[in-house]
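A.B. asks: Modelling step: build the complete structure from the supplied sequences, incorporating the hints.
Chains A and B, in that order, give the protein sequences.
Counting in the working numbering, the first sequence runs from 119 upward without gaps.
Counting in the working numbering, the second sequence runs from 119 upward without gaps.
Worth flagging that the hints you see were computed from the coordinates, not collected in a lab.
All values derive from a computational prediction rather than experimental measurement.
Among the hints, erroneous ones may be present.
No distinction is drawn between identical chains; accordingly, a pair holds when it is met within one copy or between any pair of copies.
Straight-line Cα separation of at most 20 Å, SDA-like style, residue types lysine to any residue; simulated pairs [said to hold, decoys possible]: (1) Lys539 with Ile568; (2) Lys539 with Pro560; (3) Lys383 with Gly163; (4) Lys134 with Val690; (5) Lys539 with Thr129; (6) Lys679 with Arg552; (7) Lys134 with Arg688; (8) Lys539 with Gln550.
Number of protein chains: 2
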Amino acid sequence: MTALDHDTGTTVLRRKPTIQPARSWQSWLIGRPLSTADAPHQTIGKAIGLAVFASDALSSTAYATQEILVILVVAGTAALGYALPIALAIVGLLAIVTISYQQTIHAYPGGGGAYIVARDNLGELPAQTAGAALLTDYVLTVAVSVSSGVAQLVSAYPSLSTNRVAIAVGMVFLIMIVNLRGVRESGRAFAIPTYFFLLMMVLTLGTGLVRAVSGTLGSVIDPPALEFGETLLAVTPFLILHAFSSGTTALTGVEAISNGIPAFKEPRSRNAAITLIWMSVILGTLFLGITFLAGEIHALPSEGETVISQLARTVFDSRGTLYLMLIAATTIILIMAANTSFADFPRLSALVARDGFLPRQFTYRGSRLVFSRGIVALALLASLLILIFQARVTALIPLYAIGVFLSFTLSQAGMARRWWKIGHLQSGQEAQERGSTLRYTPNWQLKMLINGFGAVCTAVVTLVFTFTKFREGAWVVIISAPALVLIFLAIHHHYRDLAKNLSVEDYGPPPQVRRHRVILPISGVHRGTLDALRYATSLSDDVTAVHVSIDPEEAERVRLKWETWGEGVRLVILDSPYRLFVEPLISYIEEVMAQRQNHDTVTIVVPQFVSRRRWHNLLHTQTALFLRLALMFRPGIVITDVPYHVE
Amino acid sequence: MTALDHDTGTTVLRRKPTIQPARSWQSWLIGRPLSTADAPHQTIGKAIGLAVFASDALSSTAYATQEILVILVVAGTAALGYALPIALAIVGLLAIVTISYQQTIHAYPGGGGAYIVARDNLGELPAQTAGAALLTDYVLTVAVSVSSGVAQLVSAYPSLSTNRVAIAVGMVFLIMIVNLRGVRESGRAFAIPTYFFLLMMVLTLGTGLVRAVSGTLGSVIDPPALEFGETLLAVTPFLILHAFSSGTTALTGVEAISNGIPAFKEPRSRNAAITLIWMSVILGTLFLGITFLAGEIHALPSEGETVISQLARTVFDSRGTLYLMLIAATTIILIMAANTSFADFPRLSALVARDGFLPRQFTYRGSRLVFSRGIVALALLASLLILIFQARVTALIPLYAIGVFLSFTLSQAGMARRWWKIGHLQSGQEAQERGSTLRYTPNWQLKMLINGFGAVCTAVVTLVFTFTKFREGAWVVIISAPALVLIFLAIHHHYRDLAKNLSVEDYGPPPQVRRHRVILPISGVHRGTLDALRYATSLSDDVTAVHVSIDPEEAERVRLKWETWGEGVRLVILDSPYRLFVEPLISYIEEVMAQRQNHDTVTIVVPQFVSRRRWHNLLHTQTALFLRLALMFRPGIVITDVPYHVE
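C.D. replies: Encoded structure:
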């Protein structure tokens, strides 16, 4: 122990305990506890950064094309030709978002997620809306990615079909455990599967394009059966917008890099910005390639076999090694996309919790230095979604992406507002905000225009999405997102009130305790009771023992024994005709409380039986416990447990 | 309030609270709470007594014949002819047991169950064995009776077959709720169905006998398919004994009257004894009649259709009204037999608990004056058995009845011992035992012989039962009964030790508390902490505040604030590199405990956050709760919760 401070008259001692945390089944499952000092501080370059942050975005190519086809196919197979123009429009949107985010990355070198940008520039409500939208979407990312990963597996091994829900939930829990152990985003573990996926995709699309140009690429053999009724709908603008909305899921995950800027090597912003451009180019290319080839081979959307699987077995002419390698790579990258949410969700929920809008518990780092509670919460919510939607990607899609586009909109709008604020600074002047520093920039009008255009585009997509998908499930998000925001605000309200109530500002010197009134509930007279009595009399001269009488003979025995052993302390016997114990006692305590004078403190001294063998506790009524539960919610009562231990 | 006693210098006040118990969902389900003074004190005559106590015994005729046939049929349908001689032997055994129990009823007018008789005459171990055997059998009675009742229903309505387990468990819970409401054994509710069953049985058997004698009774039309493989076994003595064992289930419930003597009108013993004879005569007649007619119509044992159902539709030539009435009557009496166990099990478990061999909680009467915990325990255990054995009577039978016969044996052996004790009294001398009064009786040798013979017969049956049914399931009882007895003894050991430890005999004047050492764990400095500090300083001058530091900045803030607000109290900051809270605190407390001097009391004053809105508690870490759980099992530490309430 080292004394830190004597000069103010208060002794402060500081010590470093030498105890090691105990080993338990948890340390077997998730590894030995880590000390706070073990937190990693490493940064990554562009190539690794691409691998770490791109899996979420790139993996969406595994289902985006298929989801466009699912919508178009209700207008007949001829309508599938609209897929490619729609994909081109989506890639255009991707370009706008990418350019817009370039500016965010440079403005927020400390990390510019939608929550932070909205908080600093738009205020509390938009920030919490962005937070709610993003948290919802992280849960959906896990559910969609894992479900799609299982769909790839089922395409290759159709016999797994009956267990798809169980496999999906099992995967979620596996990812949870890996994340509870603490994934170091060290890169190499991420780089191999990401680049393997890229390689396989380039190989598949390249072969496919060459064969398409040379005219040797045929149609899918034995395409999956179409699952809709044969009443064809017309191709309407609504249908096209609907298909467009479904396809925009390809853009999910683009925001990942802007959250993770601090992980990059210096110059962080520059490296992150270049990586984002690379990622967008690759994403756009893959998405267009898949959509084009899917049209060439006349792939059909199906729950039984994914479009990727149809494409691969047509390009490679069989379900051979290359086919299986592509399916494996796709499955792995989808699972890694889910894994990305396991990094993002806990980090964002900790951020929101630190601001006081989610329970504080989300800010605690577990034994492996990760935000364990956020990880567990995400796994439970995603599993629930998978169970409800039976691991069907198409059923989940209408809920998905709306949150992403809402957060894009809020983020870009926040950036536009930031440029406007910057434009009103003096040249050379600086202003510090929570997430970034504002510095005057000459061509701020152009930059504001870019972000404003991004905001408008993504806002339009959000609205289109809401209208076209409303009946299919988007209404769930329309209801749940505001509900979440309200919950966040209620939590914040509580913490703020609490802080105000507890604040020591304006707190006068506390009044001293003048008198203790002690109540000692006893069920019988024995050594345990007498120990408690001894403790009670050491607190105060004003002690009242109370016996609740269910059996008159027992009450008489207590009375006689108390006259011998009660040290003259007053005994009150409460008759309880309904054989209740806690209720008569509480009504008595309330009477005493009503009569007390100022600065009297009422203390209930409860003799508490405790045995070292836990099963012994089953043999006792645990009245003390019930009494505590009943009294806990009444103000002004101090409860003291005096244990009596029996070997 | 009325003062009772002032002369010893101790004030004792007694008061009758006027509070009524609160209404809750439970009072909707089981009725409004009853005052202890509402306990019923009514007695019943012979006719009602027969109805109340006979349902258990009579209902066993619904399955006893069938269970004999199930065993015999493996030797081919020809072997079914042995059923009638076996039934005659069982009726002979019934006569012996009845005569033997006549003496018990006269000796124990206050109730002569096997547990009481064994306790008074054979000692602790046989008494607990009888208790364990009976409690086991009460659970099995519920499982067997309800399963058989459902089997009758399924015979009449085969489409219910797939839901038999759910129906059975539902019935158990219905009976549980009725019993939690408190069944007044007022008789009429019992008399109608019992006499309805008797009437229907007499009608069916009478018609059957008349038709059999007149030769118009044919065989069963479309008998159920035999369910065993076609490899016939030979008729061996083992097979006959096996069938006999199964048939002895007919005797279960015969002991019910000896438990319930106090319910009879005076002269209680005489009325109870006559009722027992009547019951045995009826039981024997029904059993023989059913077995004889089952042979005449060539009924076959089956899970799909009961023998009773085959008999009724053959006698009445159709599944008409009379058939349905008999099936209904049989189902109802089976359910009432289960209901009998719901009276017996809680009563016996309360008796055993009062003697200290089961948890005390079993002796408490619930809001409706019944032993609620025993009722709930019985329902849960019986449901578990029904689930495990899928409501199949034949699967449950090997476990059943062994407990009944063991308790018959112990009860009769106890009675024999009692006559021996009586024989050694002086003429005219009386001796008081816990359950009865011993008076010299001249022809005690004859009476001892009768009970002794009964004991030997039932002991032989118990052994036969064990050997013939061992592999089928009796081994479960052979293992579980001694295990139960060991548990009873362990519980008794604990209560006895506790009483000795807590006894105030040889307890010197308790040493006064010399000095309080107070430890005050704080997470921050706020009004809640300061309230707790104020309370702590009112207990003692030796107060130490302890802050477990996870975040160094937070610790520094606490230190600065404490210097202002800590009233000069010593503050210890414990660094916690593994972000644990409770463990470093406990290791510190243990150090303090090790250094304390004699008669020092260590008190932990815990500031406990409490909100009136329960959901708010989710937003706090409840450290106080975890601390309490961790400290509860350490001797010598008093824990005081000082609540800080926030609106």
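A.B. asks: So which hints don't hold here, by number, going up?
C.D. replies: Hints 5, 6 are the ones this structure does not satisfy, whereas the remaining hints hold.
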